[in-house]
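For this one, chain E is given, so just place chain U on it according to the hints.
Going down the list, the sequences are from chains E and U.
Just so we're aligned, residue 243 is where the first sequence starts under this note's numbering, counting upward by one.
Just so we're aligned, residue 243 is where the second sequence starts under this note's numbering, counting upward by one.
All clues stand as given, with none of them false.
Because identical chains cannot be distinguished in the list, a pair is counted as satisfied if it fits within a single copy or across any two copies.
25 Å max Cα-Cα, derived DSS-like pairs, lysine-lysine: (1) LYS315 with LYS344; (2) LYS293 with LYS266; (3) LYS315 with LYS266; (4) LYS344 with LYS293; (5) LYS344 with LYS329.
Keep in mind that the hints were calculated from the coordinates and are not lab data.
Values in this document were obtained by computation on a predicted structure and should not be read as measured data.
Protein chains: 2
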Amino acid sequence: MPQDTQPSPAPASQPDPVLASFRKSIDNIDAALIHILAERFRITQAVGEYKARATLPPADPDREARQIARLRKLSEEADLDPEFSEKFLRFIIDEVIRHHEKARGG
Amino acid sequence: MPQDTQPSPAPASQPDPVLASFRKSIDNIDAALIHILAERFRITQAVGEYKARATLPPADPDREARQIARLRKLSEEADLDPEFSEKFLRFIIDEVIRHHEKARGG
Numbered sequence: 243m244p245q246d247t248q249p250s251p252a253p254a255s256q257p258d259p260v261l262a263s264f265r266k267s268i269d270n271i272d273a274a275l276i277h278i279l280a281e282r283f284r285i286t287q288a289v290g291e292y293k294a295r296a297t298l299p300p301a302d303p304d305r306e307a308r309q310i311a312r313l314r315k316l317s318e319e320a321d322l323d324p325e326f327s328e329k330f331l332r333f334i335i336d337e338v339i340r341h342h343e344k345a346r347g348g
Numbered sequence: 243m244p245q246d247t248q249p250s251p252a253p254a255s256q257p258d259p260v261l262a263s264f265r266k267s268i269d270n271i272d273a274a275l276i277h278i279l280a281e282r283f284r285i286t287q288a289v290g291e292y293k294a295r296a297t298l299p300p301a302d303p304d305r306e307a308r309q310i311a312r313l314r315k316l317s318e319e320a321d322l323d324p325e326f327s328e329k330f331l332r333f334i335i336d337e338v339i340r341h342h343e344k345a346r347g348g
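Chain E extracted, bound-state conformation (with noise of 0.2 Å):
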């Protein structure tokens, strides 16, 4: 068999297939993320506003220590870094908080 019916490999403009196979599953699962982000933010915008009406604090430690209890123990079965998941979940803590202040016209 003559040589050049062997592939050949990829020129270097051209992306690497494995690396793009693997970025297309990275960027399924940002898609997936974003959505599942903005459900969990239109949840918690109507939660500020039942809390406004029905004169209930904002803010709640103990229900927040459970979530984190709760995000640790679900990371460590999907082997995910439990400080990791607890990092998470102040980074949108954060952010829910952040949308509470701008609602109420900070």
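Just chain U now, kept in the frame of chain E:
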């Protein structure tokens, strides 16, 4: 009708049922987020190992810029603050870099 047949308000010790329902949705969403993130880190770990084997550079600023532009667009469509989606991707990428540094024995 005697007044005592009317539903009495939940005692202060009992959780508000509307709030409890919102929180159930948030807890379901958070479990989904944790599992999707766990899968994302599994893929970025494989990417890190592949890049090391294929002697590809660990960072790719063009790819990051394309990811950010795409997520900002998806966020707008999902009614999520595009600034937040960019902050979120940077938060995740920082964690990926931390994982890679740890894997390199840092």
